[in-house]
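Undergrad: Given next are the chains, with one letter for each unit.
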Amino acid sequence: MAPISNWRTSVAERRAPGAASRLLGRLGEAVTARLWRLGFASRFFGYMLLHSGTALRRFQLTLREIYFAGVLSLIIILVSGLFVGMVLGLQGYETLQRYGSSEALGILVALSLVRELGPVVAGLLFASRAGSAITAEIGLMKATEQIAAMEMMAVDPIARVVAPRFWGGVISMPLLAALFSAMGIFGGYLVGVQLIGVDEGAFWSQMQASVDVREDILNGVIKSVVFGVAVTWIAVFEGYDAQPTAEGVSSATTRTVVTSSLAILALDFMLTALMFTGGNAR
Amino acid sequence: MNRATIDVWVGVFVAAGFAALLFLALKVGNLASFSTNPTYQVQAKFANIGGLKVRAPIKSAGVVVGRVTEVRFDNESFEAVVTLNLDARYQFPRDTSAKILTSGLLGEQYLGLEAGGDGVMLKQGDRLRLTQSAVVLENLISQFLFNKAAEEKDGKEKK
Chain X
0 MAPISNWRTS VAERRAPGAA SRLLGRLGEA VTARLWRLGF ASRFFGYMLL HSGTALRRFQ
60 LTLREIYFAG VLSLIIILVS GLFVGMVLGL QGYETLQRYG SSEALGILVA LSLVRELGPV
120 VAGLLFASRA GSAITAEIGL MKATEQIAAM EMMAVDPIAR VVAPRFWGGV ISMPLLAALF
180 SAMGIFGGYL VGVQLIGVDE GAFWSQMQAS VDVREDILNG VIKSVVFGVA VTWIAVFEGY
240 DAQPTAEGVS SATTRTVVTS SLAILALDFM LTALMFTGGN AR
Chain U
6 MNRATIDVWV GVFVAAGFAA LLFLALKVGN LASFSTNPTY QVQAKFANIG GLKVRAPIKS
66 AGVVVGRVTE VRFDNESFEA VVTLNLDARY QFPRDTSAKI LTSGLLGEQY LGLEAGGDGV
126 MLKQGDRLRL TQSAVVLENL ISQFLFNKAA EEKDGKEKK
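Protein chains in written order, with the working numbering: chain X, 0 to 281; chain U, 6 to 164.
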């Protein structure tokens, strides 16, 4: 028996038959179903953390998942980082030169990438590239009864299948975000300095003078770690909770991308409000 | 995909990721400019510090010689007390004056030090006596307007 049972049966048992107001009943059901799902997801998260000993002891399992989540996302992350940086360079220069401060281009490119765009865009790309793959893989394993087979052999599928994917994603995400930011700054440098001709010394020195290692870079890394946890949690949960049919797997994959994109944007707002607005007195 | 290939690629990926972090910290951030040199603290009181912030640079003759480490309000003299963290390589005479200046027309504010002529050097815990507050644009404008109004009034009375 699975250590974590499905929430659906519980909801079905709890529904009161012959409700007076069907509409109200359905509304209530939708809300309760979501709450149950959230509760189940949290329990799942806790269980996964408690049983990730195998994933860390047999690190080869996690390494394989880092390969699938991280290495295979490299191309898309690097290319989009480069283009985002180049666009920032062009647009930033266009605006800054109106105020005669085109030397501040380095600050603009670096701060917007390190604080916001790096973690957020890398997170969105990661959700659609790696998150959907994780969900589809686990969902298919469930649909083809591989998960059930593991349980029959007394292998805990959460420890063996889910936890390594989770840790692989959590380790990959900050590295991908850092690569995205670095690539974007390089793109901004290419356009700003090489193409448009902003002074190279001013570009780097102004950037270094106003980007703080702790305030900006470390906070960006913290953001990307949080996004990594959120995206992979949603991905493995949706996969594990998918209806074991072709249709169920496809809708679970869609849900992964939608939910994790929304989660990234909402979390980003909260983290930004916590990190970057409290320090007015500094 | 066999194990060895995966290991190599993951190794490359992790190395590249850390290289990117290092690039961000050293080339983009200012970790490289963090000096581990010994420093000494000096205080200065200002009637108005304008927009001076903690970590603002302290410059003398345009060269960064330290950073502002603390800004607080003294409730007895009703003045701002700024703590300056100066690099021990740079010694200043005791009658050095401090000014709050702005880089560019509307840029960030920094502290400018102008060396005096005293033979005794500043040491840890000293206080700068000569300070000049930040220029507040509103005050300047209102002063200018009042002067202008007073001149016009004088002119009319003479007629």
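If you're looking for bench data, these hints aren't it; they were derived computationally from the structure.
Be aware that a few hints might be false.
As the list claims (entries may be wrong) - Which chain U residues face chain X? A few, computed with CB under 7 angstroms, are given here:
1) 7
2) 11
3) 14
4) 18
5) 22
6) 26
7) 27
8) 28
9) 29
10) 33
11) 121
12) 122
As the list claims (entries may be wrong) - Have a look at the derived ranges for each label pair, beta carbon to beta carbon:
13) X:208 x U:155: 42 to 52 angstroms
14) U:58 x X:71: 24 to 34 angstroms
15) U:129 x X:194: 24 to 34 angstroms
16) U:55 x X:249: 32 to 42 angstroms
17) X:36 x U:106: 26 to 36 angstroms
18) X:153 x U:13: 47 to 57 angstroms
19) U:96 x X:189: 40 to 50 angstroms
20) X:268 x U:128: 45 to 55 angstroms
21) U:99 x X:273: 22 to 32 angstroms
Even glycine gets a Cβ: it sits at the ideal position worked out from N, Cα and C.
Undergrad: Does each hint fit the structure? Answer for all of them.
TA: Now the hints, each set against the structure:
1. 7: This interface hint is violated because 11 angstroms lies over the 7 angstroms limit.
2. 11: Nearest chain X Cβ about 5 angstroms off; hint holds.
3. 14: At 5 angstroms from the nearest chain X Cβ, residue 14 of chain U passes the 7 angstroms test, so the hint holds.
4. 18: Residue 18 of chain U check passes; min Cβ-Cβ to chain X is 5 angstroms, inside 7 angstroms.
5. 22: Hint holds; residue 22 of chain U Cβ to chain X Cβ min 3 angstroms, cut 7 angstroms.
6. 26: holds, 5 angstroms
7. 27: With a minimum Cβ separation of about 9 angstroms from chain X (threshold 7 angstroms), the hint on residue 27 of chain U is violated.
8. 28: holds, 5 angstroms
9. 29: holds, 5 angstroms
10. 33: Given a least distance of 5 angstroms, the restraint on residue 33 of chain U holds.
11. 121: violated, 28 angstroms
12. 122: violated, 32 angstroms
13. X:208 x U:155: 42 to 52 angstroms: holds, 43 angstroms
14. U:58 x X:71: 24 to 34 angstroms: Violated, since residue 58 of chain U and residue 71 of chain X (Cβ atoms, about 44 angstroms apart) do not stay within the stated range.
15. U:129 x X:194: 24 to 34 angstroms: violated, 50 angstroms
16. U:55 x X:249: 32 to 42 angstroms: Violated, since residue 55 of chain U and residue 249 of chain X (Cβ atoms, about 60 angstroms apart) do not stay within the stated range.
17. X:36 x U:106: 26 to 36 angstroms: With a Cβ separation near 59 angstroms, residue 36 of chain X and residue 106 of chain U fall outside 26 to 36 angstroms, so the hint is violated.
18. X:153 x U:13: 47 to 57 angstroms: About 34 angstroms separates the Cβ atoms of residue 153 of chain X and residue 13 of chain U, which means 47 to 57 angstroms is violated.
19. U:96 x X:189: 40 to 50 angstroms: Since the Cβ atoms of residue 96 of chain U and residue 189 of chain X sit about 44 angstroms apart, the hinted range of 40 to 50 angstroms holds.
20. X:268 x U:128: 45 to 55 angstroms: holds, 48 angstroms
21. U:99 x X:273: 22 to 32 angstroms: Roughly 44 angstroms apart at Cβ, these two residues miss the hinted range, so it is violated.
Of the numbered hints listed earlier, those contradicted by the structure are 1, 7, 11, 12, 14, 15, 16, 17, 18, 21.
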